[in-house]
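Q: Chain by chain, the residues run as shown.
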Amino acid sequence: MVIQVSHLSKRYQVHKKDPGFMGSVRSLFSKNTETVAAVDDISFTINEGELVGFIGPNGAGKTTTLKCLSGLLFPDSGKVSVLGYTPFERKEPYLSRIALVMGQKNQLWWDLPAQETFLLNKEIYGIRDDAYAKNLGELVELLEVEDMIRVPVRKLSLGERMKMELIAALIHAPEVLFLDEPTIGLDVVMQKKMRDFVASYNRLHHSTILLTSHYMEDVRQLASRVIIIDHGKIMYDGKLDHLVKRYAKHKLLSVVLDSYVPPDKLQAIGELVSYEFPKAVIKVERNASNVAAAELLQNFPVDDLNIEEPDIEDVIRDVFTNAPKKL
Amino acid sequence: MSVNNRLPISSQRSRQWPKFHYSVKRLMTIFSLYAQHALEYKVRSLVWFGVILFDVFVYVLYWRGVLQNGQSGGLWTFSEAVSYYLLLLVAGNLLQIHIEEEVAFEDIQYGRLSQYLLRPFSYFRFKFFQELPWRLIQGGFGIVALIGISLFVRHIVVVTDIYAVPLIAAIIVSAYVLCFIYKMIIGIMAFWTIDYTGLQNIQIIVYMLFSGMLIPLHLLPSDIRAFALLQPIGYTLYYPVRAVQGVYTYGQLWQILAMQWVWMIILYAIYRLFWYRGLRVFTAVGQ
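Those protein sequence lines, which keep their order, are chains A and B. Quick note, the first sequence lines up with residues 1 to 327 if you use our numbering. Quick note, the second sequence lines up with residues 1001 to 1287 if you use our numbering.
With the rest of the complex left out, here is chain B (with noise of 0.2 Å):
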């Protein structure tokens, strides 16, 4: 090796980057190494599903003992139930980002960020690909046990419309993607807390309560309930959940579509808000 042999910079690092083939087949790769890095935690993502298939378990023994005392008021039947948290197991799985703990403890608390900084790729598309594999792990665990559970449970009602499909999928895309922007946003909250344990507690409660993961939220309490329809958790969970069970015209799945979207530019403008400010008070501690 010598200074006459080395490459120029220029010539080493490729400059078709905007050429669209090379930027998903680099991106591919960038997401077949997080895909092997998910894989060698396969247990993890096991317990992990098995933590959601027993409250989904709990959740719907409990509307069997309200629906057998007619509590219900006529708003949903067992077989909507059981669908319901049956789609959840999947939903839950597959759609329900875990990333806010690992942005707060690890990477803003304990300086981790840094080591992302210094790459020339952002922080955000970093944690999207880390994620990612993760989800559909576990989400890939969901929709077995969901075939495996629909050959004993005759209960499980799911869309019918194949035209609907489509969409369907586009929204279940676009909860994703909205999750992913609102758990990291609650992540880099880490920037100007102190113990964020607290903050994550807080938000666990909430995000139960209005992504429709305790109770469907066209059941709350009329006094919240225009308020749960309308708050962006429950697009990453509920509507998904509900477009499957085929409960939606087409009018209204493009009106989730839409609202999908609305929030998900809402909340990535706060997200970029909160970042660039968060960056500003960061310390790089313990880096």
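Isolated chain A (complex conformation) (with noise of 0.2 Å):
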């Protein structure tokens, strides 16, 4: 087991202020303070090699997590254990094994090459010359970012730098990797370079990732095993595709007509999703969908009939919306 969560939880005080002049007056005298609960009572472990996924809305308390993990936070109650450690002990040798990956901040010089940064590193983190020369080629080589590393950081893009990002993280080549919405606001093709390079990392080097994304492609492309949190409270944690089978109330019926039908016919069959000639799409309950699809086969033009799972985002949203307590 690399990561164990026990019954962890974390507060923050939070001044709230009234409206207008009168409650900056009144704020001088009294301040009303209120006790959140960023993260609370949550328990998981991971083990050597997973790759999971970590998701929910924002201020779910994915970020406090992760940061508890990696020992930036001191925690309220609980206990945290990664690779044997206390995180927020911060010991030398465990700081040597793990990296946490924000999307938003970076540690790279702006005005000198990344290069630099990565010198850096390799000196608080004790690299001998031949691990960093191989450890930098490597991943030099998957980021594809040979011509860059020499230019000065204000001069690279938001994905240029993101990579360096990943590089100057990685250059110790840690045990445990944290990743913070390490696609945030990349476009399109960049995130699935991402995606490729942080799934090709794990598998090499079998490392243990914990991810969030606001983005569910992040999640489905990479992590077999998703956890769910939502008001600091873990509501699922299990494999992607059992919390579709579990969560997922309905599936969706994709059919290419040879004719036109009109809707309200169909509307028969299940929720008309969207119709545009030839295609239509219908929801229909879960465990009806194959008398579903064989009604539609038998008494319709179908020319081609997909019986399809409905998207993740969206039964992740149902979670989010329809089950307050734990699932």
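Hints are computed from structural coordinates only; laboratory data are not their basis. Watch out, some of these pointers could steer you wrong.
Simulated DEER-style distance windows between Cβ atoms [to be verified]:
#1 B:F1274 / A:P93: 22 to 28 Å
#2 A:V25 / B:Q1252: 51 to 57 Å
#3 B:D1223 / A:G78: 51 to 57 Å
Here a beta-carbon is modelled for each residue, glycine too, at the ideal position from N, C-alpha and C.
Both chains are given apart, each in its own frame, so use the hints to dock them into the complex.
A: This is the structure we're talking about:
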């Protein structure tokens, strides 16, 4: 077990002020303080080499959890163990074996080439010359940035900077990698490249990776296991496909028609999600999908028919919307 | 690259860290990288040097006026004043640390501290190596200016006893470290403040008054002079400048060095206490 989290809680004090000038005056004499549980009694474990997607809406507690695991934040209660260390003690051997990459911020020197930051990290992490050359060569090749490491960071695009950020974070070959929104702000092409890189890195290095992302595509492509968190509590922890099977109450019948059929006739089969002749998408009860498909094939001029799972994003949205309690 | 080819962590990193020569080489490399970074902004260093040069110019003009009117009571001659402020030009650039705003605003309040906390190198050492090149560059400007000015100004009085030089050098190095610890303490106060600017402004006034930047501490009114001469800020600027002026005996130089070390130990203990308490309230905002 590489990561063990047991009943972890982290709360913040938030000052609240009434609106307007009088609110400001009142706050001079009495401050309204509210305690917000960013993470509320969560427990999970992650094995070596696992790539786990950590998902949830804004303010759900994802980043706070990652910060507790990497040792940035001191938990209010509970136990956290990563690679056998207590993260908040931030012992040098522990920090030498982990990395936290945050999409919004960077460690690169703005006016110098990224190579200088890599060299600084080489010394900071005490990496041997041969290991440094090998790691850098591999990362540069995987990310296809041979020509960019000598260019001042300010001259690089956002995507290129993110790649340099990853190299800086991975140059010491961490065994545990925390990725917080690594694709945020990137275009779709760059997002895909990043995903490919993370997948390759996990496969080749057998690193344990915990990934948060707003883009479901990141999670779908990379993680077989997901942890869903909302309001600081874990709502689901398991395989991504199990989540769909267990919580998606519907399936989608995607039909291509031979000839036009009035919409009201299709609605007799199920909820007509979209219809633009010749294509129609019909939402049906999950356990009645085979019957509905058979009825379509028998009674309608069907050219092609597919039974599809609903979009994972819709399933998760339903989880957040309809399931206030732990699933 | 394959799993089998991957070097185990233990062999990728050198386990020779305790070896002194390796540690020195490592620190020198880190220093040279930060120096490279500071050199990128040499114009900024020149501007800051110019600010202190202007201040010194104003102080010398002020004292010229005061001493022409015979208002010093015999405590202070124009030669001493010129020497003091011209040496202050070097000391102000070399020894006056400016790390506190970066610590407070960029690192703590905007959350960049996270990037330091995640690496196996203490934040204190990071900041020390970040600041040192800036001071050396600015101090270099100060020394060049002092040499240039001394070609035209006859009033500069400095120590002539060659045997006192190593002791004075030790006082200068200790002054640097003491000032660094003091400014780090001021910077990490941002853990507990929402608006750090007010604290910073108070700190500037206190520093100006008690470092000997505005007025040499021995010229302060008698009711605050004893305190001013004992408190730690005076040991960061006033005492080193007076030592270079050659006004102290060997015994007094040793005493100054001893007091600097006493203050360093006390302030470092305070820094550690605040640092660990501060980390507990750090929320890594913005990161």
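Q: Confirm or reject the claim that B:D1223 and A:G78 have a C-beta distance inside 51 to 57 Å.
A: Given a distance of about 55 Å, which is inside 51 to 57 Å, the answer is holds.
Q: Are A:V25 and B:Q1252 spaced within 51 to 57 Å by their CB atoms?
A: Hint holds: Cβ distance 55 Å, inside 51 to 57 Å.
Q: State, for the Cβ atoms of B:F1274 and A:P93, whether the hinted interval 22 to 28 Å holds or is violated.
A: Because 26 Å falls inside the window, the suggested range holds.
Checked against the numbered hints above, the structure violates none of them.
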